[in-house]
Amino acid sequence: MGYTAYLFDGQSSQGTPVELKVEPDGAISITDSSGASERIAKGNYRFLLPVGATPIRIRFKNDELLLETRYDPRLIEELTVGANGAKALVKAESSVPLSLTIFLTAGIFSLILYLYGLPVFASIARPFIPHSVKEIAGEQILLVLDTLLLSPSKLPNSEGERAAHLIHAFDNDPKVSPAKTLVRGLKISGVDIPNAFAVLPSSVVLTDSLLKKLSDDEVQGVIAHELGHLYYDHGTQMLLRSSIVSVLSLALFGADPSVIQGFAVALIEARYSQEQESAADAFAVEILKSIKKDPKVLATALSKISEGTSESELDRYLSSHPLTADRISRINALADR
Amino acid sequence: MTEDPRILRAPSPSPSEPLEYKFQFTGSISEYFPIWLANVALTVLTLGIYGAWAKVRREQYFHSHTFLAGHSFEYTANPINILKGRLLLFGLLFLFFFINGAVPVLGPIILILAVIAFPWIATQALKFRARYTSYRNIPFHFYGTYGRSFKYLILTRLIGTLTLGLLFPWGKHRERKYIVTSLSYGKERFGFHATVWEYAKIYLGVLVLFFIPLLLLFGVFIFNALLPLLSSGILNGVNPENQESVKEAVRIFMDNGGLAVFGIGVFVLISAQIIVPFLIKFLVARVTWDNASIGPFLISYKASLFNFLWIGATNLILRVFSFGLASPYCAIRMYRFKIEAMSFFGEGDFSRFIGQGADETRAFGEELSSAYDLDIDLGF
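Chains as they are written, first to last, in the numbering used here: chain A, 9 to 345; chain B, 4 to 383.
Just so you know, not all the hints are guaranteed correct.
Stated by the list, open to error - Capping the alpha-carbon separation at 27 Å, the derived lysine-lysine pairs in DSS-like fashion look like this:
hint	chain 1	residue 1	chain 2	residue 2
1	B	K250	A	K221
2	A	K195	B	K190
3	B	K180	B	K154
4	A	K69	B	K190
5	A	K220	B	K25
6	A	K221	A	K99
7	A	K312	B	K250
Everything labelled a hint here was simulated from the structure, so no lab data went into it.
With the hints as constraints, model all of the structure from the sequences given.
Right, here's the structure in full:
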């Protein structure tokens with residue numbers, strides 16, 4: 009059967025009305041109003057399945073000429089004899105149950121990727137990051153922190169020596185690489201903050217308030233936790249993971265509201281960060297036991313550090329650390345084993 | 004009854020009186036929803052690789068359902084080129100995020116490099132978008148260059164900022180004039196007739212009808228909240244080291260409308276970051292296209308501000324509460340509203356435009372732009 013179409017030659021926007029027919033061998037024939045006809049063999053024209061009920065377009069002569077006709081499923085059927093791959097895609101796009109099934113499959117796949125794929129990628133890629141890169145990263149991160157947040161320590165030198173002595177107690181443990189302590193001041197809104205963090209590749213920063221507040225054993229507990237971060241190279245893993253998460257969220261969410269994207273990224277980052285904190289706590293318990301110290305000193309240290317702060321249930325999902333009460337329970341349980 | 008735009012019509016001889024040719028969008032959510040689902044699902048399953056095909060199919064859907072004078076538009080980009088552009092883009096982005104995280108001091112340097120690269124990216128994106136949009140087998144073209152893009156997209160904004168916004172309308176006028184007059188359909192360039200004053204009215208309107216009343220309200224509340232503090236002398240005794248004195252001052256402040264101060268302050272910040280740019284973008288597009296022309300046709304763009312705000316606000320709520328599942332519906336809704344507000348007036352017909360040779364345009368610029376939503380679209 010014939011279909012009314014318009015032929016556009018690409019030289020002008022003038023269209024020529026023609027009649028289009030599809031022959032049994034897949035060739036198409038075009039006949040204009042004067043009766044002049046042209047036959048184009050299959051393989052010499054390009055037909056793209058329309059997306060939705062949109063005009064059908066056929067290109068030929070190196071894509072310079074365009075035949076355009078209204079949407080007609082019969083013409084599509086004639087033109088796509090044997091093109092099963094393309095037909096399958098169009099079938100999926102036109103069927104809500106089928107496309108929903110594929111969508112849910114993709115959702116499950118995303119969950120697997122989130123739970124296992126990203127951590128595996130970070131673990132595989134981590135050893136390939138040169139030590140020199142980690143050193144530079146650590147120096148730069150410390151530079152930024154010193155500029156924006158930290159201040160020189162106001163404690164006497166003896167406190168710095170105390171911290172250095174406490175970290176050296178772990179030197180004989182085979183899992184612990186040589187690391188050094190740095191002491192800094194940290195104030196937020198005029199209030200001294202007790203805190204500690206690990207900096208690539210092998211430094212542990214302790215704040216003045218933490219050293220003033222905690223006993224030697226408790227400081228050692230905190231140092232053991234930070235050594236856990238260094239042992240697992242959490243800094244490098246987080247760098248790799250956050251880079252992948254940022255790029256993937258752009259690729260997958262694209263133009264969707266950044267609120268949702270940002271929220272999803274925050275949830276993902278918080279979950280991974282909390283896992284790292286738990287791993288560092290478990291590592292700390294292990295190496296404290298190896299130097300014959302009661303691992304519960306870490307729990308008492310956490311309790312003292314968190315005095316005066318409050319956590320909500322929302323922090324369970326959005327905070328970079330597990331809830332303090334949960335951490336203390338877990339540490340005490342591990343210590344009792 | 005409105006004639007079905009999908010019925011192809013033969014080109015008509017030049018009419019004696021100006022005719023109105025309205026755009027019509029024939030897409031529907033019932034048809035687009037499974038397409039969108041399949042696109043998202045296949046993109047996730049292929050870790051983003053199918054995304055290039057998904058983009059082409061999405062653009063093909065919207066273009067092919069957009070009719071003008073009996074024929075629809077066509078999107079002719081090749082997904083392979085888009086995929087190559089995306090791989091390059093995401094490789095660079097991964098490096099940027101990694102370097103920014105590892106060596107933060109390099110972040111500002113990278114940003115400066117991005118600003119220098121932006122005019123090239125913008126030009127390529129506009130060329131790509133134009134080149135792969137066709138109507139009646141004649142593609143559009145964008146004739147912009149790096150130099151002019153730098154001048155009209157970067158320098159004008161810099162001048163606007165340095166003059167504390169006084170020259171924003173002038174900058175926007177120059178930017179829009181550059182973009183519109185660099186566009187062509189076949190060999191016919193678009194014309195631009197808007198004045199600086201029409202853009203100035205937009206910024207003045209936002210300032211006078213929105214920001215100034217908000218800031219006045221903010222001032223009233225802050226005065227109301229601060230007055231008790233000033234008259235009681237509490238502020239003289241506040242010592243940042245003494246938490247109790249700080250807490251007392253804050254309590255008095257909050258008891259006298261301090262919460263309203265914070266609320267209005269937050270609203271002003273959100274407005275400045277999200278609502279106002281969204282509003283200005285629409286108003287600028289409306290002025291731009293309502294003052295454009297091509298060949299014998301004047302373009303008219305009569306989209307209602309109220310309808311735009313209503314659709315925008317309800318779309319946002321729908322997207323948030325549906326966790327993004329309402330996105331295809333929102334996209335159809337907004338696109339229909341914008342495109343059907345546009346029409347062409349003229350005595351000519353659409354068969355008189357002359358085409359010209361094709362050129363290969365890199366897809367990379369298009370991908371970088373769409374990833375960051377750089378607001379360099381054609382006003383639609």
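These are the hints, each one checked on the structure:
1. A C-alpha spacing of about 24 Å is found between B/K250 and A/K221, which places the hinted pair at or below 27 Å, so the restraint holds.
2. Between the alpha carbons of A/K195 and B/K190 the distance comes to roughly 65 Å, so the proposed pair goes past 27 Å and is violated.
3. Taken as a hint, the B/K180 and B/K154 pair is honoured in the structure, with Cα atoms around 12 Å apart against an allowance of 27 Å.
4. A C-alpha spacing of about 22 Å is found between A/K69 and B/K190, which places the hinted pair at or below 27 Å, so the restraint holds.
5. About 76 Å separates the Cα atoms of A/K220 and B/K25, which puts this hinted pair outside 27 Å; it is violated.
6. A hinted pair counts as satisfied when its Cα atoms are at most 27 Å apart, and A/K221 with A/K99 does not qualify at roughly 68 Å.
7. A C-alpha spacing of about 23 Å is found between A/K312 and B/K250, which places the hinted pair at or below 27 Å, so the restraint holds.
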